[in-house]
Amino acid sequence: MHPAPSVIIFTTLSGLGFGLLFFLGLGLPDVSGWIAFTFFFIAYALAVGGLMSSAFHLGHPERALKAFTQWRTSWLSREACFSVAALVVMGVFALGAVFFDAQWRVLGVIGAVLSLITVYTTSMIYTQMKTVPRWNTQLTPLLYLTISLAGGALLAGQESLAPWLLALAGGVQIAWWMRGDGAFAASGTDMASATGLGHGKVRSFEPPHTGTNYLLREFVYVIGRKHALKIRGIALALGYALPILLMVLPLDSIALKHAFAGLAVVSHLGGIAASRWLFFAEAEHVVGLYYGKR
Amino acid sequence: MTDLPTTTERKLGLVIDLDTCVGCHACVISCKGWNTENYGAPLSDQNPYGADPSGTFLNRIHSYEVQPEAGAAQLVHFPKSCLHCEDAPCVTVCPTGASYKRVEDGIVLVNESDCIGCGLCAWACPYGAREMDQAEGVMKKCTLCIDRIYNGNLPEVDRVPACVRTCPAGARHFGDLGDPDSDVSRLVAERGGMDLMPEQGTKPVNKYLPPRPRDTVEEEIDILAPLLAPVTEEPGGFLGWLDRALDALPGGKS
Ligand code: SF4
Ligand code: SF4
Ligand code: SF4
Chain E
1 MHPAPSVIIF TTLSGLGFGL LFFLGLGLPD VSGWIAFTFF FIAYALAVGG LMSSAFHLGH
61 PERALKAFTQ WRTSWLSREA CFSVAALVVM GVFALGAVFF DAQWRVLGVI GAVLSLITVY
121 TTSMIYTQMK TVPRWNTQLT PLLYLTISLA GGALLAGQES LAPWLLALAG GVQIAWWMRG
181 DGAFAASGTD MASATGLGHG KVRSFEPPHT GTNYLLREFV YVIGRKHALK IRGIALALGY
241 ALPILLMVLP LDSIALKHAF AGLAVVSHLG GIAASRWLFF AEAEHVVGLY YGKR
Chain Z
1001 MTDLPTTTER KLGLVIDLDT CVGCHACVIS CKGWNTENYG APLSDQNPYG ADPSGTFLNR
1061 IHSYEVQPEA GAAQLVHFPK SCLHCEDAPC VTVCPTGASY KRVEDGIVLV NESDCIGCGL
1121 CAWACPYGAR EMDQAEGVMK KCTLCIDRIY NGNLPEVDRV PACVRTCPAG ARHFGDLGDP
1181 DSDVSRLVAE RGGMDLMPEQ GTKPVNKYLP PRPRDTVEEE IDILAPLLAP VTEEPGGFLG
1241 WLDRALDALP GGKS
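In order, the protein sequences belong to chains E and Z.
Counting from 1, one number per residue, gives the positions in the first sequence under my numbering.
Counting from 1001, one number per residue, gives the positions in the second sequence under my numbering.
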């Protein structure tokens, strides 16, 4: 699959933003006034910034409102509905925290749950794709949720929780990669089932056109796959290992602690962006078979 | 609504004969022509006369080589357009309701004025039957030529899809696959029509007729072959001398 920068930015940033909103809704940390404003500002900048970036890859962004109508069958539509619901509820909760020094707990918990559901709906857009065997697993929502929770905990300054959640997310990440590497072969879709020409060995002799096309650009992305292992290493190190290390280092100075926490967030973001790039670049769509490619 | 109908009154679709398709691409051209001049946004091309041309097509012809365990390899030309699946994953993923499956005839269509161009339906289709038009930013797909098959202004013989009407080999057939007595259904039953990627669970309406087994190629291809047997196995004249001379050189005899 083509790793469109807009989609990588969207899933990385908004996942982190909704993760932070989850913790803020639960009152972790329990903040008010300017501090609350700063926290909520960061969370909204990430979540909304991500959503805006995803709107850029639409052919007709001006019709985006129509995307709220098909929640009965479409995960993309559900994502649109839940993200707006989460942002609205958490917005009201934020007003209370920032201006009235109030923690409207019930509202916060509802907002927290909606934020997590939003991340889940995002992950289901990919999970539902039978055409991309690497994504088509219940590990995908688990991966998105654990990454979002780990990043959220990191940003919310949950020093005791964050390292554990990061380790958990890292574990799920490794399991997801390992399962993914055999997923295409296990899916049962191959040249023979694609063409129905199972009476011999099928080879693509001639593609439909000498040039490229939308399908090849969108679904058959092979550039950089040979570096996949290296990038996995980078994603694991930056996304999970280094932030854990930076969080658990025993430090005396508060200033240094804050600096390290900031560094941990930046490192985590970079690592998750790398992991998301792989999420798309390594994913093989079954349509590639018709072109004798994967 | 992107809910799929549980049943459709008819199941209009195509039956494609892999045995007769000669790979001429005539249906590709007629499809592009008809669907550029008629229903919906035209099928654009990008850089059509340049170094790196590409464009939107609703129908593309692949060619495959099949090498059986024993015997000669076969070349199979393989037309591919939307299969108008009964369980169409492309419809249910659509967030706007632009994609839908018609209850009356089972045709899967895109309402282009509702499409936001998110491309998700193309992700969901295992067959590569949907292409985003780069100029219009909306999803294009085979319409089964709804603007021909129901078009009272056309002579009756032309009320079939453009690709079917054009095919010089008669490799594309159009009809109601929901009616077991229709010509297309009988053809499918007779020839063992098959689904593409059945494991994807899309339940395609379009069927493909497998290539018939080829006659075995005998040692003697032609009944005239014995008469054409070479008169002499050894070269004579100048070539014969050269042959012998080269053989005489050290290491020359093979
Ligand atoms: S062939 Fe593809 S586009 Fe056509 S109905 Fe089936 S899934 Fe949808
Ligand atoms: S590209 Fe258009 S038709 Fe396809 S899923 Fe998106 S809105 Fe629906
Ligand atoms: S039925 Fe019409 S739109 Fe579909 S492939 Fe044939 S010519 Fe193209």
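Derived by calculation from the structure, the hints in this document are not laboratory data.
Check each hint, because a few of them may be wrong.
Unchecked claim - Distance condition first, Cα-Cα at most 27 Å in a straight line; then the derived BS3-like pairs of lysine-lysine: (1) K66(E) <-> K201(E); (2) K130(E) <-> K66(E); (3) K226(E) <-> K293(E); (4) K226(E) <-> K1032(Z); (5) K201(E) <-> K130(E); (6) K293(E) <-> K1203(Z); (7) K201(E) <-> K1032(Z); (8) K201(E) <-> K257(E); (9) K293(E) <-> K130(E); (10) K1203(Z) <-> K226(E).
Of all the hints numbered above, which does this structure not satisfy? Sort the numbers upward. 1, 4, 7, 8 and 10
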